[in-house]
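Residue numbers (the numbering used here), protein chains in the order written: chain A, 50 to 368; chain B, 50 to 368; chain C, 50 to 368; chain D, 50 to 368.
One should not assume that every hint holds.
Where chains are identical, the list cannot tell them apart; a pair therefore holds if satisfied intra-copy or between any two copies.
[What the hints assert, rightly or not] With a straight-line cut-off of 30 Å between C-alpha atoms, the simulated DSSO-like cross-links for lysine-lysine are: (1) K116 to K97; (2) K262 to K51; (3) K116 to K263; (4) K137 to K286; (5) K116 to K51; (6) K137 to K352; (7) K97 to K286; (8) K263 to K352; (9) K354 to K51; (10) K116 to K262; (11) K116 to K364.
Derived by calculation from the structure, the hints in this document are not laboratory data.
Please read all numbers here as calculations on a predicted model, not as lab measurements.
4 protein chains.
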Amino acid sequence: MKRIAVLTSGGDSPGMNAAIRAVVRKANFHGVEVMGVYHGYEGFIDGKMELLDLGSVGGIIQRGGTKLFSSRCPQFKEDEYQLQGIKKMKEAGVEGLVVIGGDGSYRGALELTKKGFPSVGVPGTIDNDIPGTEYTIGFDTALNTVVESIDKIRDTATSHENSFIVEVMGRDAGDIALWAGLAAGAESILIPEEEYDIDDIISRIQHGIARDKKHSIIIVAEGVMAGNELAKILKEKADITTRVSVLGHIQRGGSPSARDRVLAGLFGAKAVEVLLEGRSGRAVGIKNHQVYDYDLEEAFSNKHKADLSLYTLSKELSI
Amino acid sequence: MKRIAVLTSGGDSPGMNAAIRAVVRKANFHGVEVMGVYHGYEGFIDGKMELLDLGSVGGIIQRGGTKLFSSRCPQFKEDEYQLQGIKKMKEAGVEGLVVIGGDGSYRGALELTKKGFPSVGVPGTIDNDIPGTEYTIGFDTALNTVVESIDKIRDTATSHENSFIVEVMGRDAGDIALWAGLAAGAESILIPEEEYDIDDIISRIQHGIARDKKHSIIIVAEGVMAGNELAKILKEKADITTRVSVLGHIQRGGSPSARDRVLAGLFGAKAVEVLLEGRSGRAVGIKNHQVYDYDLEEAFSNKHKADLSLYTLSKELSI
Amino acid sequence: MKRIAVLTSGGDSPGMNAAIRAVVRKANFHGVEVMGVYHGYEGFIDGKMELLDLGSVGGIIQRGGTKLFSSRCPQFKEDEYQLQGIKKMKEAGVEGLVVIGGDGSYRGALELTKKGFPSVGVPGTIDNDIPGTEYTIGFDTALNTVVESIDKIRDTATSHENSFIVEVMGRDAGDIALWAGLAAGAESILIPEEEYDIDDIISRIQHGIARDKKHSIIIVAEGVMAGNELAKILKEKADITTRVSVLGHIQRGGSPSARDRVLAGLFGAKAVEVLLEGRSGRAVGIKNHQVYDYDLEEAFSNKHKADLSLYTLSKELSI
Amino acid sequence: MKRIAVLTSGGDSPGMNAAIRAVVRKANFHGVEVMGVYHGYEGFIDGKMELLDLGSVGGIIQRGGTKLFSSRCPQFKEDEYQLQGIKKMKEAGVEGLVVIGGDGSYRGALELTKKGFPSVGVPGTIDNDIPGTEYTIGFDTALNTVVESIDKIRDTATSHENSFIVEVMGRDAGDIALWAGLAAGAESILIPEEEYDIDDIISRIQHGIARDKKHSIIIVAEGVMAGNELAKILKEKADITTRVSVLGHIQRGGSPSARDRVLAGLFGAKAVEVLLEGRSGRAVGIKNHQVYDYDLEEAFSNKHKADLSLYTLSKELSI
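Could you put together the complete structure from these sequences and hints?
Set out below in C-alpha cells:
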C-alpha cells in the first residue's frame, strides 16, 4: 500500500486525535501516505479528504474531540453509497481505511472490506462497550471527568449533608457508572446490566444516616433511568430527598488522559500494521493486557460485558 | 476579646475552609481563641461548637466545602432563637462572631449585633452577588469550573458541529454566566439583569453557520429560564436544534482557586481585625481593589449590580 | 484606521491567545482588519504577517502560549530596524500596532509611536510586574499552576513529614511567590522586595515541629536565591533537612484561567479602542478595578510594587 | 481472624488512602476489625496504631498521600525489631497485616510472615516497578501529572520554538518516562533499561528543525542522568541549546486518578481476602487484566521489566 485513509465516526471521544496522529505517523514511518477524511462516512462518500503530513498532526495529541470531525451517517448503510465512496477513494489512490469509532462505525468498515476495500476498526468511544477489547479510547478520560465531578459534588454534599444522585452516560453499558462509582466511593450504583434493588438503595442511605453519615452519592447510568426519575422514586417510597446532577456532555470532552493517549498510540499503530500486512476486516483491541486484532464481526456477534466483579466489590466497600 | 466564634451559613462555596483557617490563625496571632460553630445558625442556637486550634485548621486551605458544615436555618429569623444562641455563646465565653456566607446569612449577623452580640459578615457565595464587594469567596473557583466544563463541551460541539446551551447557576445575579461566557467565548449570554433578544441569539447562530462555523455555545443563567426551555424556543422559532447541558452542583465544589484562597485570607483576617477593634455590624469586602469594611445594612438596602460592560464586550467579541 | 497589526513579544504567558482573539474581534466589530505579526518584533522588522479573520482566532481562547509565536529581539532596539519595520507595515496598509508582552516589549512600542507608528501595549506576562496595572495577563494562571503544584507537594510532605522548599518564578517581582505562598498556606515566603530573616524561617520550622506539625513549605522567588542554596543555608545554620522543588517552565504554560481570559478580553478590546480613538503610546491596564489606559512611559519610569500587605498577612497566618 | 492491621511504607503514592479505605471496609464487611499503624514499620515496632472504623476512612478516597503517614525504617531489617513489633501486635489482638508500599516494604512483610505473623503486600508506588504486577497504585496518577506538566511546557516551547528536556522520576524503572513520553508525543525518551543513542537524539532534533518544527521535548528518567547533564552533552556535541525542567516531587502528590482508585479498591480488598483465607506471604497484583496474588518472594527474585514495545513505538511515532 502506498496510501491509506483515516476517519472518525459516531460519538467523538477524547483521544481520537491522538489515534489519528498515530495512524499518520506509523504509516509515514513505513513510507505510506495518509488521507484524512472529514465528517466520518459522510466525507468518505463524497471523497472529502486531505493529505495529512507530519506537521498537520503536530500539537493535536493533547486535544479533545477530533480534528477530522465526526458524524452519524445513516445513508452509509446503503450499498450504493458505500460503493460510491470506494470509487472516490480508489480514484485518489487510497487503498485502505482506518475507522476510529464505536461498534456502529465498525459495521461500515466491515461492509467496505466485504466490497473489496480493506478496512480496520479502532475502538474510540467513551462507553467502553465494544466487545473484544478491555478498553476503548476515551473511556479513561470520561471516567476521570466523572470522578472529578463527583468529588466536587461531594464537597457540597458533605457540607450540607445532602444525598445526591449523579446521572452519567451509558445507555447499554454500565462501565462508566461502575468504575466511577467505585472510584468515587458511591453508596449505590445503578447499571443497565443489573436489576437494581430499590430497597437496598434506601437501606444504604438510611444505614449511613444511622451511623451519622448524612450525605450519600448514588450513581445512575442513563440507560437505567433518568436521575430525576430515581429521585422521585426515593421520595415516594422512603421520603428521602435527593438532589440530582446530570453530568451530560462534559463527559465527552477534555484533553485525553495519559492512558487514553497511550492506548490511542498503540491502537492507531496496530491498525496500520494490520493493513500493511494485507489483512482487513479486523478490529484492534486490548485483551489480557496485550494489543491484538480480531474479526470485526466479533464486535457485533458478541455483546460487551461490564466487569461485574466491580459491582460486587462496590457493594462490599460501601457498607 | 478573648474568644470569638466562626460559622458558615447558606450555600457553601469553595474557599470557606480557607476563610475559617484565616479567622482562626489571625485571631490566634492576636491571642484570641476561636470556637467553630457547626451547621451554621442551627449550631449557634444550640451552642454546638468546638475550639479550633492551629492544628485543627491545618490541611484545609485547599479543600472545597466547609468543615463546619452549613445549613439554612429559617427559625433563626425569630428573636427567641437568636437570644437563645447569644446566651449559649456568652456562657461559653464567646464575645463575637464571624459569619461566612451570603446576604441571607448577613441578616442574622445584623440581628445578633443589634441584640448586643458583635458580629461581622464575610462574603462566601459562588454567586458574587453581595452588594458592597467586587468579589465574593467562591466566585472565582465556580467560574473556572464552569469555563473548564464549557471547554470540554466545546470539544464535542466542534467535532460534531452542534450548538449547545449551557445552563449555569445564578438566580438573580448573572455574574457567573457573564464572566464564564466571556471567558469561554460564548456566542450568546442570557442573564437575569438584561432582557434577552431571541432574534439576536438566532441571528448569531445563523450568522456563524453562514461563515462556516457550525457550532455555537449559549450560556443561560438559571434565573432567566431553564436550558431546556430555551432549546424549545430556538426549535420552535427558528428550527435550530441544540443540546442542553445543566452544569448543576459541580459549580459549588472543588478545591478553591488561588484567588479565592487569597481573598479568603484577606477577608477572614479583616473580619477578626474589625471585631478586635470593637466594631461590629460590619461586612468585609473588596472595593477599588482594596479590602475594607462597611455597614452590614448596605448589603440589603443596596442591590448587587453585575458589570454590564462585560455584557457589551461579550456581544462585540462574539460577532 | 482600516487595518492594524498585533504581535506577542517577550516571555509568553497564558491568555495571550485570548488577547489576540479580542484584538481581532473588537477591531472587526468596528470594521477594521487585523494582521497577525509572527515572532514578535522579529516579524515586525521583516513584515512577516498574515491577515487574521474571525475564523483564524476561533478555538484559541482556551489555549496556552501564543499562536503568533514570541521572541526576544535585541536588534529591535536600533532605530534602523524599527524604521524598516514601520516601512513594511505601511506598505501593507497597517496603521497601528497592539503589542502584547512585558515592559521590555513596551519600550519598542514607545519607540514606534515616537517614530510615527501608533502603538499600544497590553500587559502579558506571568510575573505581574508591570507598573500601572494591578494585574497582567497570565499571572492568575501561573498562580494557580503554582498553587496546584504546592498542593501536590504538600501531600507527600505531610505523608513523610518533610520540609519542602519550592522555588518559583520572579526575578525582580515577588508577586507569584507572595500570592502562591498565601494561597498555599506556606510557612515562609522569600521575595526580592523584602530582606529575608533566616532566623525567622528557622524558628517557624522549629515552632511547627514543637507543636507536632512536622512538615512545612517554604516558597522562594528565584530572584532571591536558588532553592538549593536556601536548602544549604538551612542545613548549615540549623541542621534542618529540606527537599527542593523547582517548578520551572510549567509556570508559563497551561490553559488560561477564567480570570486571565476575561482580562485578555478587556485589555485587547481596550487597546483597539485606544488606537481607533487616535491615541497611541499608551498602555492598557486595570486600576481600582477599572480598565484604563496610561502613558507607556509610566511603565518604565515607575517601578512595580508588590502588595506587601500580603506579606504581613502571610506571616500572621502562618504562625 | 478478628482483627488485622494496615500500614503504608516507603515513598508515598496517590491512591494509598483509597487502598487503606478498601482494606478497612472489606474487612469490616467480613466482620473483621482493622487497626491503622502510623509511620510504617516504625509504628509497627512501637505498636503506634488506632482502630479505623468506617467513619475514619470517610472522605479520604480522593486524597493524595497517606493518612497513616509513611517512613523508611532501616532498623526494621533487624530480627529484634520485627519480633518486638509482632509482640505489640499480638498483645493488641492483631492477627495479620496488610503492607501498602514498594518492594522494599515487601521484604519486611515476608520477614514477618516467616516469623509467624501473616502479612500481605499491596503494590503502592508511582514507579510501577514491582515484579509480578502490571500496574502499581499511584503510577497512573503520576503519569497524568507528568503528561499535564509536559503539555504546559509544550505551550511555551512551541511559542518560543525551544527544545526542552524534562527530567522525570524513575531510578531503575523507565515506566514513567516511557508512558509519559508516548502520551506527550516526546521526540526522544531516555530510560534506564535501554542504552541511549546521543546521535539519534541529536538527529531527531535536527530533523524536526529541517521540516520547520522548531521545538522538541526530550524526556529523561532520573536514573539515566540529570536533565542538566543531558543539556550539557547536547550543547557540547551539537551546539543545541535546551531548557531543562525537573518535575520533582509534584509527581508523588495529587488526588488519585480514577484508575488508581479502582486499582486501590481491588488490591486492598484482595489483600484482605488472602489473609482471611488463611494465606500469607503473598503480594497482590494484576496480571493479564486479572487481580491475583503471588509469592512475595517473586517480587525480589524477579526484576520488573518495562514494556519496551512502547519504546519502539515511541521511536516510530516521533519521526
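- request: Please work out whether the CA atoms of K116 and K97 approach to 30 Å or closer within one copy, between two copies, in both situations, or in neither?
  value: both (14 Å within a copy, 27 Å between copies)
message: Reference check for the pair K262 and K51, CA-CA at most 30 Å: within, between, both, or neither?
response: between (64 Å within a copy, 25 Å between copies)
- request: Can you give me the call for K116 and K262, within, between, both or neither, at a CA distance of at most 30 Å?
  value: Between copies only: 14 Å across chains, 46 Å inside a chain, cut-off 30 Å.
task: Check K354 against K51 for me: Cα-Cα at most 30 Å, and say if that holds within a copy, between copies, both or neither.
output: neither (38 Å within a copy, 36 Å between copies)
- prompt: How do K137 and K286 come out at 30 Å by Cα distance, when the copy is not named: within, between, both, or neither?
  reply: neither (60 Å within a copy, 39 Å between copies)
- request: State whether the alpha carbon distance between K97 and K286 is at most 30 Å within one copy, between copies, both, or neither.
  value: Result: close neither inside a copy nor across copies, 56 Å intra and 33 Å inter.
field: Homo-oligomer pair classification [K364, K116; C-alpha up to 30 Å]
entry: Only across copies: K116 and K364 sit 24 Å apart there, 41 Å inside one copy, limit 30 Å.
- prompt: Given identical chains, is K263 near K352, meaning Cα to Cα at most 30 Å, within a copy, between copies, both, or neither?
  reply: neither (39 Å within a copy, 35 Å between copies)
- prompt: Can you tell me if K137 and K352 fall within 30 Å by alpha carbon in one copy, between copies, both or neither?
  reply: Neither: 34 Å inside a copy, 53 Å across copies.
field: K116 and K51: within-copy, between-copy, both or neither at 30 Å Cα
entry: For K116 and K51, only the intra-copy Cα distance (23 Å) is at most 30 Å; the inter-copy one is 34 Å.
- prompt: Between copies, within a copy, both or neither: which fits K116 and K263 at Cα up to 30 Å?
  reply: Between copies only: 14 Å across, 46 Å inside.
When each numbered hint is compared with the structure, violations occur for hints 4, 6, 7, 8 and 9.
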